[in-house]
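Below, each chain spelled out in residue letters.
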Amino acid sequence: MATYVVDGVEDLVLEDVGEAGIVKNADGEEDVELEDAWDLFYVWYVLGDEDFELEDVGTTYLILNVEGSEQMNIKEAFTIVGTIQNNMLEGQYRVENEYLNRYEAYLGTDAWPDLTDDLVLNPPWDFFTTWPHTLPPLSPGRTYYLIIRKRDKYGLIDFNVEALVIRIGPGGDELPVGPVDPFISQLGGEPVGKVRFRASYNWMQDSLPADRWHVYLTSDGSTPDPSNPSHLYLDVPMNTFRVEDLDQASGDAWGHGTVIKVIYRTYRTSDDAESLNTDVLEHTINLDAPGIVDGELFLGGGADR
Amino acid sequence: MPDEYKGSDGLRLYFTGASTDGGAQPDPNASLGNHRAENEVQPLAWDLFNLLKGITVEHVAGACGIGNCSIQAADGDQIRFVAPGEDYGETEIINQGETKVLESGASRSKSCRVHRWGSEPLAGVTTIKLSRWFNNVIGMSNITDPERLAGEEKVRCICLKAVNALGVDSIKGWITPLAPGIVSDVQQLPAIGTGFIESTGSIEDAPTWGFLRVEDAGGTLKEICLFTRRYSESKFEVAYSNHRGLLGTSATAGAATDVVYWVPGIRFGWQDPTAQPDGAASIAATENDLSQLGGITWHSHIRRSEATPFNLATTNIKYLWFRLSLPACLAASNVATWLALNGFAYDFLPGE
Numbered sequence: 000m001a002t003y004v005v006d007g008v009e010d011l012v013l014e015d016v017g018e019a020g021i022v023k024n025a026d027g028e029e030d031v032e033l034e035d036a037w038d039l040f041y042v043w044y045v046l047g048d049e050d051f052e053l054e055d056v057g058t059t060y061l062i063l064n065v066e067g068s069e070q071m072n073i074k075e076a077f078t079i080v081g082t083i084q085n086n087m088l089e090g091q092y093r094v095e096n097e098y099l100n101r102y103e104a105y106l107g108t109d110a111w112p113d114l115t116d117d118l119v120l121n122p123p124w125d126f127f128t129t130w131p132h133t134l135p136p137l138s139p140g141r142t143y144y145l146i147i148r149k150r151d152k153y154g155l156i157d158f159n160v161e162a163l164v165i166r167i168g169p170g171g172d173e174l175p176v177g178p179v180d181p182f183i184s185q186l187g188g189e190p191v192g193k194v195r196f197r198a199s200y201n202w203m204q205d206s207l208p209a210d211r212w213h214v215y216l217t218s219d220g221s222t223p224d225p226s227n228p229s230h231l232y233l234d235v236p237m238n239t240f241r242v243e244d245l246d247q248a249s250g251d252a253w254g255h256g257t258v259i260k261v262i263y264r265t266y267r268t269s270d271d272a273e274s275l276n277t278d279v280l281e282h283t284i285n286l287d288a289p290g291i292v293d294g295e296l297f298l299g300g301g302a303d304r
Numbered sequence: 000m001p002d003e004y005k006g007s008d009g010l011r012l013y014f015t016g017a018s019t020d021g022g023a024q025p026d027p028n029a030s031l032g033n034h035r036a037e038n039e040v041q042p043l044a045w046d047l048f049n050l051l052k053g054i055t056v057e058h059v060a061g062a063c064g065i066g067n068c069s070i071q072a073a074d075g076d077q078i079r080f081v082a083p084g085e086d087y088g089e090t091e092i093i094n095q096g097e098t099k100v101l102e103s104g105a106s107r108s109k110s111c112r113v114h115r116w117g118s119e120p121l122a123g124v125t126t127i128k129l130s131r132w133f134n135n136v137i138g139m140s141n142i143t144d145p146e147r148l149a150g151e152e153k154v155r156c157i158c159l160k161a162v163n164a165l166g167v168d169s170i171k172g173w174i175t176p177l178a179p180g181i182v183s184d185v186q187q188l189p190a191i192g193t194g195f196i197e198s199t200g201s202i203e204d205a206p207t208w209g210f211l212r213v214e215d216a217g218g219t220l221k222e223i224c225l226f227t228r229r230y231s232e233s234k235f236e237v238a239y240s241n242h243r244g245l246l247g248t249s250a251t252a253g254a255a256t257d258v259v260y261w262v263p264g265i266r267f268g269w270q271d272p273t274a275q276p277d278g279a280a281s282i283a284a285t286e287n288d289l290s291q292l293g294g295i296t297w298h299s300h301i302r303r304s305e306a307t308p309f310n311l312a313t314t315n316i317k318y319l320w321f322r323l324s325l326p327a328c329l330a331a332s333n334v335a336t337w338l339a340l341n342g343f344a345y346d347f348l349p350g351e
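Chains as they are written, first to last, in numbering that gives the first Met the number 0: chain A, 0 to 304; chain F, 0 to 351.
Rather than coming from a laboratory, the hints here were simulated on the basis of the structure.
Yeah, the Cβ is synthetic: ideal placement off N, Cα and C, and Gly gets one too.
Please note: incorrect hints may appear among the correct ones.
Stated by the list, open to error - Not the full set, but computed from the structure, chain F residues with beta-carbon under 8 Å of chain A:
1. I137
2. G138
3. S140
4. T336
Stated by the list, open to error - DEER-style ranges, computed between Cβ atoms:
5. A:G220 x F:Y230: 48 to 58 Å
6. A:G171 x F:N67: 53 to 63 Å
7. A:R141 x F:E152: 50 to 60 Å
8. A:D172 x F:A44: 48 to 58 Å
9. A:N100 x F:A73: 48 to 58 Å
10. F:T143 x A:N121: 22 to 32 Å
11. A:W130 x F:Q186: 41 to 51 Å
What the hints assert, rightly or not - Listed next, the in silico SDA-like pairs over lysine to any residue satisfying Cα-Cα at most 25 Å (straight line):
12. A:K149 x F:P206
13. A:K149 x F:F133
14. F:K171 x A:Q91
15. A:K152 x F:R228
16. F:K234 x A:L118
17. A:K152 x F:N241
18. A:K149 x F:E146
19. F:K234 x A:Q91
20. A:K152 x F:G150
21. F:K171 x A:N85
22. A:K152 x F:T227
23. F:K5 x A:N85
24. A:K149 x F:A330
25. A:K152 x F:A149
26. A:K149 x F:P145
27. A:K152 x F:S130
28. F:K52 x F:S130
29. A:K152 x F:P145
30. A:K152 x F:E232
31. A:K152 x F:S231
32. A:K152 x F:L338
33. F:K234 x A:D116
Excised from the complex, chain A in its bound form (with noise of 0.2 Å):
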């Protein structure tokens, strides 16, 4: 076997078999398939004073034999040996930093916090490595949505270790915070001019559940105002079983043309905190055709909880 330099860019290797003087450069040419695909433009071996020539030409390459009109299998004159391969070795490593090895706090101001983790665009609003710990001091009137989280000195980030919504009066101090909003709530129609309410509560994201539901409803056209006590339209307890789902049917019934327009929010009893959900859900009432919500609502089924 042997190694020929070719054109600097690429090694061809042959063996040969001890016919070296059958190809030398010649007129004629043929298309010659080789068998293996290499990645070679352009190849030129020299055998002796004898010249023969490999010409790529896409995936056929063609070959100039002595008599200049033979067909010339190249794997006649020499044995092309093996194909190329490629490989490759790849590892791993981190490289440690205790001054990561901390608690990170991430702060959002009346939503969750942005938690992309990257230490330069995206910081934590605040970081300690030992509790108790007390935080920066937060302006009054809004709601903070606080979460810490645990980074190791390789840069690794856990889990939330804490999640929690602060909520800051006008007057500095802190007040109660409800429980979160319905996260799906319907409104639809029912027969002779009743409305049907419908929503779900997670219950999941409260250390304190809600365990009732208030319906905010006007039939004028305005928007329902929860600080009305007028607007209270329904306070119903949430059902044992299935707490986290209202489906219910108003007690009244209105005109054809009606618009009928709700809030709903939770409630939690034992601290009078209620959400601060203020999506407006509308209804015209339509006598001839109600439109009636139908389906499970997404957490129903919930007497497994």
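Following the hints, complete the assembly by docking chain F onto the known chain A.
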């Protein structure tokens, strides 16, 4: 499907650190020269699911890449292999006691070597989940906090052995760039000191720390530097002046036509054994000891066309050293995190 020692199996990689050729030494952290060990370097970690009875997977080629591959058996003694994202290779027969190299459909380099020791008829599909190793022989050990602050040099040594009966030709090696290059057409580094490299292009999944290789438009190496802040996948800050001119290069003013590659912070060098086919390499007393490696020429090129090829006659060996060079990162409060990937690519032509 070639027999063992042929195709991609014609050149095997082994740990070093043995006291005699072929001695047992399975620890990648002790692969620090001296003699070739019997233990093969496994480029990828793998987990097997649904084992084929009587079949042992001995080796999976690094060319397969990460992902799931499969070995499918049928009709008692027929077997074939598929690498991640490819089609099955040819179905062949493997008899009890045989060792075969199974090649995937599209690429013969993507292969695995299996041994059939059992006599039970083969049936079913084994799934092989391939993943990158942490802290293998090229990943080396983690950088500790004191090492990060003071700077660190680490080495490892592996041994290449031509096991093909006709030898192996045209062996070439190069460092694997970790992403395609980008042109530093927005900001470039000054001649000395700190600065930014910024491009209208981007390095996908760029880390928050990493090495950058700066080449001129013609592909000539200008400088390797370390960035410790990444503002986007297009903008990188070399925040410390001692992070310029690394891995044997010197700080050089950048140009708007320079091409920048995210690369590992390693170089490699070849060393002949004291004798063929079973001589020793130099010895690093610890992973930080370069005192006996002065005669090695260290390379950082990232293209096969820049590699100088060499041949190995059958049973002959050659040693390959990897050298990691991390400059001192003096700021304890530097908050960047770093998961680093080292990669080395090579190819060869087996004699068959």
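Taken at face value, is the distance from the CA of F:E232 to the CA of A:K152 at most 25 Å?
-> holds (24 Å)
Would the stated hint for F:S140 survive a check requiring a Cβ distance to chain A of less than 8 Å?
-> holds (7 Å)
When you check the alpha-carbon spacing of F:K171 and A:Q91, does it fall within 25 Å?
-> holds (23 Å)
Verify the proposed pairing of A:K152 with F:S231, using a straight-line Cα cut of 25 Å.
-> holds (23 Å)
Could one say that the CB atoms of A:D172 and F:A44 fall in the range 48 to 58 Å?
-> Because 56 Å falls inside the window, the suggested range holds.
Restraint status (C-alpha distance of A:K152 to F:R228 at most 25 Å) | holds (17 Å)
In this structure, is the beta-carbon distance linking A:N100 and F:A73 contained in 48 to 58 Å?
-> holds (53 Å)
Taking only the CA atoms, is the gap from A:K149 to F:P206 under or equal to 25 Å?
-> holds (20 Å)
Holds or violated: are the alpha carbons of A:K152 and F:T227 at most 25 Å from each other?
-> Holds: A:K152 and F:T227 sit about 16 Å apart, inside 25 Å.
Hint says 48 to 58 Å; check whether the CB-CB distance for A:G220 and F:Y230 agrees.
-> Once the Cβ atoms are compared, 51 Å apart, the range 48 to 58 Å for F:Y230 and A:G220 holds.
Does the alpha-carbon distance linking F:K234 and A:Q91 stay inside the 25 Å limit?
-> holds (24 Å)
Check the following: the C-beta atoms of A:W130 and F:Q186 are separated by a distance inside 41 to 51 Å.
-> Since the Cβ atoms of A:W130 and F:Q186 sit about 43 Å apart, the hinted range of 41 to 51 Å holds.
In terms of the numbered hints stated before, the structure departs from none.
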